[in-house]
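From first to last, the protein sequence lines are chains A, B, C, D, E and F.
With the working numbering applied, the first sequence covers 11 to 212.
With the working numbering applied, the second sequence covers 3 to 318.
With the working numbering applied, the third sequence covers 6 to 246.
With the working numbering applied, the fourth sequence covers 33 to 239.
With the working numbering applied, the fifth sequence covers -19 to 431.
With the working numbering applied, the sixth sequence covers 7 to 281.
Everything labelled a hint here was simulated from the structure, so no lab data went into it.
Predicted, not measured: the structure shown is a model, and the values here were computed from it.
One or more of the hints may lead you astray.
Sample of chain F residues at the chain A side, in silico, Cβ under 10 Å [stated by the list, open to error]: (1) M19; (2) A23; (3) F26; (4) S27; (5) L30; (6) G31; (7) K35; (8) A259.
The beta-carbon is built from N, C-alpha and C at its ideal position, and this holds for glycine as well.
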Amino acid sequence: MTTQPTAQERFLQGIIPENPVYRQLLGLCPVLAVTNNMKAAMTMAGAVLFVLLCANVLVSLIRGLLKPHLRIVVFTLVIATFVTIVDKFLAAYMYNMSKALGPYIPLIIVNCIIISRCEICASKQNVFVAAADAIGISIGYAISLASIATVREILGTGMFFGFRVLPASVWQDWVIMVLPPGAFLTFGLLLGATNWFSAKKK
Amino acid sequence: MSDNVIQVSSSPHLSNNVTTKKVMIDVLISLIPVLLAALYFFRFYALKQVAVCLVSALFAEWLFTKMRGRKASLSDCSAAITGVILGLSLPATAPIFVSVIASFVAIGIGKIVFGGLGMNIFNPAMVGRAFVMISFASLLGAGGYKDMGACIDIISRATPMDAFKQAGIEPSMFALFFGNTNGSIGETSALACLIGGIYLCIKRVASWEIPLSIIITTIVWSAIAYLVNPAENLTVMGHLFGGALLFGAFFIATDPVTSPITKKGKLIFGVGVGSIIMLLRLFSGYPEGVMFAVLLMNAITPLINNWTIPKAFGEK
Amino acid sequence: MNYIIDIVLIAVSAALINNFVLYYFVGICPFIGVSRKVDMAIGMGFAVTFVITIAAFLSWAITTFVLMPGAPLSSFIASFFVSKEMASQIDLTILSYIVYIFAIASSVQFVEMYVRKFFPDLYKSFGVFLPLITTNCAILFACLTIMSHIVGVDNPEDVWDLGRALSLAFFGGIGFTIAITIMAGIREELDTCDIPKSLQGVAITLIVAGIMAMGFMGFTGVDSGLKKALTKSSIVEQNKG
Amino acid sequence: MKKIKDFYLVQAWLILIVAIFFGAALASIQIVLGQKIEQNKVNEIKQRVPELVLSTTELEKLNAQGASLDVEFTTITVKKNNKAKSYNTYKAKNADGSTIGYVVKAGGQGYADKIELLFGLDKNAEKINAIYILDQKETPGLGNKIVTDKWQNQFKNKPTEALEVVKTGAKNTNEIDAITGATISSRSVCNIINSAIKDLKEPLKNR
Amino acid sequence: MTITKKGTFSHGAHPKEFKEYSENAPIEFINSPSKVFLALSQNIGAPSVLSVKAKDKVNFGDKVADSGGFVSVPLHSPIKGEIKKQEKFTMPNGRRVDVVPVEGGKDDVQKDTKEIWNEMFGGEWDFKEVEKYSSEEISKLINEAGIVGLGGATFPTHVKLMANPKTPIDSFIVNACECEPFLTTDYRMMLEATDAIIAGTLLGSKAVNAKNIIIGIEDNKPEAIKIVSEKAKGTNIQIAVLKTKYPQGSEKQLIKATINREVEPGALPSSVGAAVSNVGTIAAVAAAVIRKKPLTHRVICVTGSGIEKPKNIFAPIGITFRELIEFCGGLKKDAKKLISGGPMMGFAFGNPDTPVIKGVSGITVLNTRDAQKETETNCIRCGRCVDACPMFLVPTKLALASRKKDLKLAEKYKIMSCFECGSCAFECPANLPIVQLIRAGKSLVMASKKK
Amino acid sequence: MEPITISLASGTMLIMAVIFSYILGWANKTFAVEVNEKVEAINNVLPGANCGGCSYVGCNDYAEAIVLKGEDVNKCTVGGSGCANAIAEIMGVEAVESAPLRPVVLCLAKNDEKKGMNEYKGETSCLAATFVSGIQDCVYGCLGLGDCVAACDYDAISIKDGSVTIDYSACIGCGACSRACPRSVISMVPFKGEKIYAVFCSNKEKAKAVKNVCDVGCIGCAICSKKSDIFEMDGNLSRINYDKFDAMENPEAFAEAVEKCPSKGLIGYIKNPYL
Ligand SMILES: Cc1cc2nc3c(=O)[nH]c(=O)nc-3n(C[C@H](O)[C@H](O)[C@H](O)COP(=O)(O)O)c2cc1C
Ligand SMILES: Cc1cc2nc3c(=O)[nH]c(=O)nc-3n(C[C@H](O)[C@H](O)[C@H](O)COP(=O)(O)O)c2cc1C
Ligand SMILES: Cc1cc2nc3c(=O)[nH]c(=O)nc-3n(C[C@H](O)[C@H](O)[C@H](O)COP(=O)(O)O)c2cc1C
Ligand SMILES: Cc1cc2nc3c(=O)[nH]c(=O)nc-3n(C[C@H](O)[C@H](O)[C@H](O)CO)c2cc1C
Ligand code: SF4
Ligand code: SF4
Ligand code: SF4
Ligand code: SF4
Ligand code: FES
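Starting from the given sequences, assemble the full structure and let the hints guide the process.
Written as structure tokens, this is what we have:
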């Protein structure tokens, strides 16, 4: 049998080589939905980090007790609980952001990234590795969200993190970028670009 | 014996000498009446618009094919059509940067990413136009068409479709037919569109099924709408000559690449385009729906092709 | 009459104007993953539509009867222990996400078993998609949307009943089916196209989806337009009647 | 005989325990945070009340004092086409209990999606004091200009009769200038206000 | 005799006719060459089996090979001479076949070609003689004469012209369309061997017991229509004048145009009660049955813009293309492409020393201008190919599916129904080699079927 | 109040969990799918290129064939012997030493060595070109139109002057090129030892016919096969028997056979790039 990667490998792999968005193409709905500005994207990434970290750690702790046919249920239960917690925290302490993200926070429950990490890593390896994996993957996820959000926010509103970077006097916003078509087009082209770069590197 | 190197190839060894380039040049010829009308009504605005789009479309085609490492494909003239049709579908007032972005998007995202000529699913010009229309809605929405400061009178008026939708002002049929109204520079003259369009159909460059079925569908729906509620709806003639209907039906919906290949498919396509145009004109937030109707039906075209495979000769 | 118009408008909006995939970005995974062949896409579309409707029914019922503040079932049970007043304030909405995901998972399981048992042929053609659906956010999204129209609505008139909930879910599913089928048609066509290597596969699919989304933006406002037209004609009708 | 291990529920003991535990945990979180969330929702509206019922000078004065207004929340239900319709209204009172004005929450279809807004009325419900858009999804750059102060300021001191949107230069007191390129959004806002005022004018006056 | 007008089929193409090169050139007679090369597989079906050995002497008309099965024919020597060692040649259709050379020595006196023509087709014909032969006798004599379809398909004619109780045939159609541009072989036959054609038509219909006897001629050949209908007076032959359109001469389209029946894909004409034969074939049938002459010579039209003096030549089978071309004054300086057959269906070849087989109805030589192929672009999905395809297929899809080797797609679009007429590629503005791609696709489909 | 909420919440969750675990338990039992552990294990070992080099549709197919049909363990050309050993271990059998199969192009004629070349207009595809006669006289030789190039997913093939070159550093031995070649010019050969010999011609005809069409072809004189039994005549064409090559008894005879071949350069070798 192949040996399981170490904590460090897990951490590093999650960022680029196994990037959940550009490489594994998992959990694309929020990637498209919340990337019309950086703030929302980063909040989303934070929420994913929290849920993934908690779920990975908890699953890893109870991995000895899992029955094969029931493990997915346990994962779901764990994930759904943590997502509810994040959601309520946002509603309590970042009310406006919570309103802006709307249903996409609860949709983390069905985000395949988390369940696949529980399955691939947490249910097989120890807490330490699982945590490293969660952080690595979350950083990878955050980088991906940031790349898309940067393009969309700057072109779509002339701003970055809410600060104006392209002066309104000369810049006409490309409104389409913050609307649904812009999300698809930006991600599609960025994905093409990453494919091109990695092919070239080889 | 012969001085030549003998050539071998597969049959047939004759061809009717129609080439892609000739087809495309025929389209450009058919656009001449429309261009003349545009120049007549919009003067240098039209010249500027078409020239900017044409040049940037050609440049984009050259640039992107080069980036792909392919031979330059300017000589097939299809990029020129994209440029001209795009220019004609923009308002006289659209600033230069809008035209340039539209051309680049049209050629880049509308065409080259799919593999260039013949491979694209969506009409490149309409992809470009939709992109800028959604991006710069204030410049290309109805408000954008009006420019009080313009030195050409018609540009300071509201577009007829919009005037009707907003204020219920009945357009003059005479003006709609000949074209001295505001609007996208190529669409205003129904007469010019008809002349060019009929030339296209006679030359078999465009299939007559598409414009015909679009026009008939539009007539049917607008007649129904008018009969149900004459007070609030434009007449059949208004729908037919107003907006971009004829321009779209003859020059845009007929793009062979993005419309179905079989006769039956073309009829279905036309009925679809006509129906969506009327749905959007009657109910949507926009005064006009040609562009969206064409894009939506382009998307369905592969399915239409798939579902209208003709029965082979003798097949039961 | 007004009720029917309401249902129709919810349907049009869910299927076309605010298409689940192209406007709300939910169900992207199957939209990209299962859109390579038209027949597969249609199978997936109908499977989703079916499950989404069942899940919507379940979540509507659970929310209305158990979870929302003052829901009949939970306040009935609570009234054994505390005063009626207090009991009607019991608020279990915090459980909603968990309950929904379980409702979805069990309806998928249930549908799978039912179809396998009674329609083995059907199972062969679309059963393979069922497990995938559990992690399809379109379903959970529909449940959440329904919830947002039940809990925390100012005006009791605006609280959704079952009919509205099912209209949203069913036509949301139909909208998904339309989008994925169109996409599959296009992707079959793209197989014979000369797409740059780095754009092949998912990237070009996303770009096509972007252009489709532009097209679907044309429907913006059709619901208000329809509403205006329909209410007007129904007023005419009422006057007659 | 079946072994205990073969019973489904026994196999699932972990799930059952986790379920109970999580249920309890979540309920506790609800108890802790629920209040705060509710507060957020109410505050979002309540903190707007002063600026919606007071004039600018009054508002500055109030802020300088660091005082706050007394706000009373009521739901008013009116009959319309044989159907009940409820409005959330907020009555602002001085410290002495005298009414300053009312804030009404109303909503309706905009260009793209629902628009939700607040508007403030004077104490006799005869003049609009100001409006505030709570929620809208109009097109950025066009319809979403309804959130700009410049446009909203037109509503100051408009009489509570049917407002009308005009495209070129408002002349009459009941006219509002449309946002160029977004007549529909502009009209939607006015329609929402018009219909709420029509429903509420009498009930508010009578209170 | 009756004449019907304007029958046709739907779709198809309208290539320029180019018949002017050779239509007014009377049939000429080439001297027998000293060496001929007889390909052993000249027909569809099993190859013929050599019945002589190297160094054997044969005389004019002697059998050199036996029929190799039911769907096969014997082969006769067109000259007097000695059998040589077998060789291999690449035929214009790309097949590599065994060829047996026959070489006439110095003392072998060759029969005059003109005399052979006279014996086969000339002189007086008495149509009453037809009555003397029974259906079976006719088939047998056809078989012995080694006749294959001269319209190009080279299907053994005795198989086609044989009464079969399982598939009764009520219509016998003679294919005199010659819809290929340039070629005038059949046209000259109709003008110069009219009697033999009428006799052959009657024999053919008798062989299959058909009541309906039709000769289908395109309306661009008024001379031929005139003379054939004159000679057919007093018989029950109908002349069907058909619209000039490519591929009017294709079997299925001809049946549709004349008797309005549609042959299902993959089925034979006999499934709708029809049999179709080319005029040249039918003349050879007459010569075989009534004059007992084997098929050793045929008329070959050498034409095109790259030929000095286009001619219709009565020539021995097995003569090389080079000899025929030289008989016509050779190639012009700007000749670019040699085609065995017409330009629509014919095969281009590079080696003029290849021998002619029974199915070669003509040689078309195109000059540089006519052979010019415009540069290929991507398909613009214009649908012209769809509007041209007489089989109602979607050629562009077939071509693209073949190019991508997507056999499922190709079969979904019914690739095997294509008979490679070339109407699609003729019309295509993108100049896609549609037919070539379809051929490749069909070969892949067949290979996958075999597996 | 609070205890009630908490217990109601827990209760609701419990009921759900019960229902759900019941359904799942039942489903698990009713629809248990037999997963063959060995197949899984082999799947993990196989490289997952799904290239078809093993003559199965994909890696999984091959894994199943090994377990269920007793297929040999050394068919994976990509994984090579390491992979074969791993599979052998799983299956508990002895791995037969397998040399990697690599493509060799059995036609060396460059454009100027091919006779009867005519100008060809049409689809740039060898398969399509086989339907046009007269492109070149030899109907067995490489057409140089690159179906093999297109078939190779690893960019290992290039064509210059009508002659095909394989870049063995990029080639993984999937055999796609060999399957794509309509003229069967590319043969998959075991790469073993320092030099891999081959007879670089595919023309099956007799001497005269070959001489007519090609200067460097195999004329079928059979001298080589008379000298050494490593060579076997396939009709008029000489072929090397690689099974015998490994255990060559008489290397001198082989050397002599190579020496005596009248077509110089016809029998040649490729230096094993993997040593
Ligand atoms: C080919 C073509 C397609 C068009 N399609 C649309 C469309 O889909 N939607 C639209 O609002 N305007 C479209 N237009 C612009 C309108 O036809 C026209 O200019 C309109 O009266 C301007 O109103 P608007 O700018 O408010 O949309 C199109 C114009 C052309 C030339
Ligand atoms: C992409 C796009 C977005 C639009 N968004 C809005 C909007 O949010 N609100 C609005 O009232 N009109 C919007 N419009 C413009 C309408 O189509 C319509 O032309 C306009 O309401 C007419 O108003 P006007 O007469 O003031 O120009 C939009 C147009 C486009 C093309
Ligand atoms: C596209 C196409 C065109 C044809 N054109 C002719 C033609 O012009 N004349 C002809 O005799 N046969 C033509 N044929 C061959 C006929 O289909 C048929 O095989 C022939 O008439 C049968 O007669 P035979 O067996 O005597 O040759 C054509 C076939 C095809 C596929
Ligand atoms: C009849 C006809 C209409 C055309 N219409 C358009 C058009 O509306 N927009 C466009 O970009 N190209 C048009 N073209 C050019 C060309 O087909 C188009 O750019 C292709 O989509 C490029 O692959 C047209 C071509 C023809 C023959
Ligand atoms: S597809 Fe075949 S049958 Fe149809 S036109 Fe082309 S070659 Fe002829
Ligand atoms: S005629 Fe040519 S360009 Fe037109 S659809 Fe057919 S293959 Fe394509
Ligand atoms: S050259 Fe390419 S196609 Fe051929 S075996 Fe090697 S990797 Fe496979
Ligand atoms: S080796 Fe075969 S496939 Fe490759 S170019 Fe030569 S003939 Fe074509
Ligand atoms: S993240 Fe939405 S379906 Fe996968």
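Exercise. Enumerate the violated hints, using their earlier numbering and listing them in ascending order.
Key: The structure breaks only hint 8.
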